[in-house]
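S.K.: With the hints as your guide, set chain B onto chain A.
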Amino acid sequence: MPQVMPRNRAVIDTLPAKDARPPVTYRYAGDRFLLLEYGDMVLDLTMNFRIFGLNDALKRSGVDGLIETVPALRSMLIQYDSLRLPTRRLVDTLKQLEETIASVDDLNIPSRRIELPMAFEDRWTRADIERYVKFTRKDAPNVSNGHNIEYIARYNGLRDPEEVIHYLCATEWWNACIGFWPGLPFMFPLDPRFAIVTPKYNPTRPWTPEGAVGIGGPCVAIYPVASPGGYQLFGRTIPIFDLQQRNPAFKDNPILLKAADRVQWVRVTDEALEAIREQVYAGTYRYKIVGYESLNVKSYLKFLESVKPEVAAFQRRQAEAVKQVAIP
Amino acid sequence: MLEVLEGGIQTTVQDFPGRVGYLDLGTYPAGPMDHFAFRTANLLVGNAQGAAALEVMVGGLKARFHDRRALALTGADTQATLNGTPVPLWESVAVKAGDLLEMKMLKGAGFRSYVAVSGAFDVPEYMGSRATFTVGGFGGFEGRALKKGDQVRLNPGGTGDTQVGRRLRTNLRPQYGTHSEIEAMRGPQADPDYMTPDDMAFFFSHTWKVDRNSNRMGIRLESHKWQWARTSGGIAGGHPSNILDNGYAVWTVNVCGDQPIILVADGPSLGGFICNATLVSASTWKVGQLVPGRDTIRFKEVTMDEAVQMAQTLDTTISERSIERG
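Heads up: the sequence lines are chains A and B, in that order.
Number 283 in our numbering belongs to position 283 of the first sequence; there are no gaps in the numbering.
Number 193 in our numbering belongs to position 193 of the second sequence; there are no gaps in the numbering.
Looking at chain A on its own, in the form it has when it is part of the complex (with noise of 0.2 Å):
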């Protein structure tokens, strides 16, 4: 094999931690985009609301020459004009805007708060587990009685599907950011004492119907529209994703929600959701939507100290459940 010499490194700057700042690097992604990674590749929320203010704080800089920005999990694209702003300027300005969101304990993240009905266990995801077990997997062990959700129940050590539902229902589900196919959320539990979690679907499956709601380790997403997909499904809801925009929520882009928003599910049976569903093709239905809300990133890790005796707790329920269960 030729050696062939490095002539150029991936990082193109680092910034250390500094008090309660993680570590940046900063990464070339070709000549008009750049990556910027905050910490180790751990999941922590915190990483994650920091993006946002730095994200917010960027944008608000004016810097001459950004065009767009992809917040993500721990990390953040930006796509730049390299003719007009010179890698080195747009690196000097990020580490800039470090210093003025010094600590992610002074952050107000604006976020909406967004109520989507759930039908659970519903009739569509069922049909198309149906398939599943028939056509591509019989003995998965991640179905009993047609379903996902007693398989979720048992991973997670919860008794039964109903115990799932209270779970689902009974934390704000952050979403961190939208990608893969267009407005498709990844979202994580605000309140981490219900944070369920579970392995995917192997192999993935060719069919889900749209709107469907499943988890894959401890993410939850929504599915924009039928494609096939690999969580672990456990109820529908409404569209998220309307390319003929025929309700207002659609006004502006065919996407309902956007990274930074919080979804809470609320309970409903397949025959409201049909309704509601034909409501919102018709134009009726209004979006449960309130805009005006911030997540306040001090008082939420105010919360998340009091309650970590919990937390461990269900943490421990979970390793103790998880010995018991196949995996697919």
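For the record, the hints were derived by calculation from the structure and aren't laboratory data.
Cβ coordinates follow ideal geometry from the N, Cα and C atoms, glycine included.
Some hints could be false.
[Stated by the list, open to error] Stretches of chain A that chain B covers, calculated by requiring three or more beta carbons in the stretch to come under 8 Å of a beta carbon on chain B: (1) 168-179; (2) 192-200; (3) 241-254.
[Stated by the list, open to error] Partial list, derived from the structure: chain A residues whose beta carbon lies under 7 Å from chain B: (4) Asn-8; (5) Gly-30; (6) Leu-45; (7) Leu-73; (8) Gly-183; (9) Leu-184.
M.R.: For chain B alone, kept in the frame of chain A given last:
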């Protein structure tokens, strides 16, 4: 109006740079796979370089004009004819109502052709762009590839007579081959933290075969046994290619397990696999002309400074000074 008699394998309306500004809502930009040929086609007929034009994959488009306009074909040679007479590539010609354009099969190298008409195609803007996003089924002409019976409107405009007979200087025309060198930059996730220096040396020296299953979402290359700098992806998953989901740059090389895939126009905007290199903006157009299952590529590493210089040179090339008359 352009009346489609046969849509061909995949003919889509595109614009450049596509649907920019929606990556944070999960939407990749779409747009032409070969922006050099696309922009040049528009330049030849006097349009703005980003104006709506057709991308014709492989060939098979048969269409009738209903207006008098200037027409330019660029990109791969599909042995196109106008009323049975061969149409030259990389220069603008006159068309009138009733003329029949037929794009047949590829001859020689290259995979995509572009069709620009003076005044440009008139399809509705969707999220700020006229580009067809094949995965989401939106943008362009009804969110899909053209098919028999479609009537694609043209913007009102002159006859295009003054735009006829313009040619891209011969020495500036790309020579497509079955092997391409494609300039890329290391990162975002490369050595030493995600891959080993040897992995990256292999990446930049190996002759990669373009997989048969390549399309407007991704150009798949063959799997390779990487050494990896990490033993696992930790919390993000068992495989060392796994990371906590992050945004994907457009035209980055995504290493999915063992397989590198160049994420192109209609790709996924975010995901949980490393990207070890990213194509530079002045080189991405070459990808649009790769023939799946046949062509090979080698990634040539360039620095940021070189990439910026290449982008400037390309912008200069695709400009009025490169056009000759006659």
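S.K.: Now look at each hint and say whether the structure bears it out.
M.R.: Structure-based check of all given hints:
1. 168-179: holds (count 3)
2. 192-200: violated (count 0)
3. 241-254: holds (count 3)
4. Asn-8: Since the shortest Cβ distance to chain B is 5 Å, the answer is holds.
5. Gly-30: Nearest chain B Cβ about 3 Å off; hint holds.
6. Leu-45: Not OK, violated: Leu-45 (chain A) not within 7 Å of chain B, min 12 Å.
7. Leu-73: holds (5 Å)
8. Gly-183: This interface hint holds because 6 Å falls under the 7 Å limit.
9. Leu-184: holds (6 Å)
Checked against the numbered hints above, the structure breaks hints 2, 6 and satisfies the rest.
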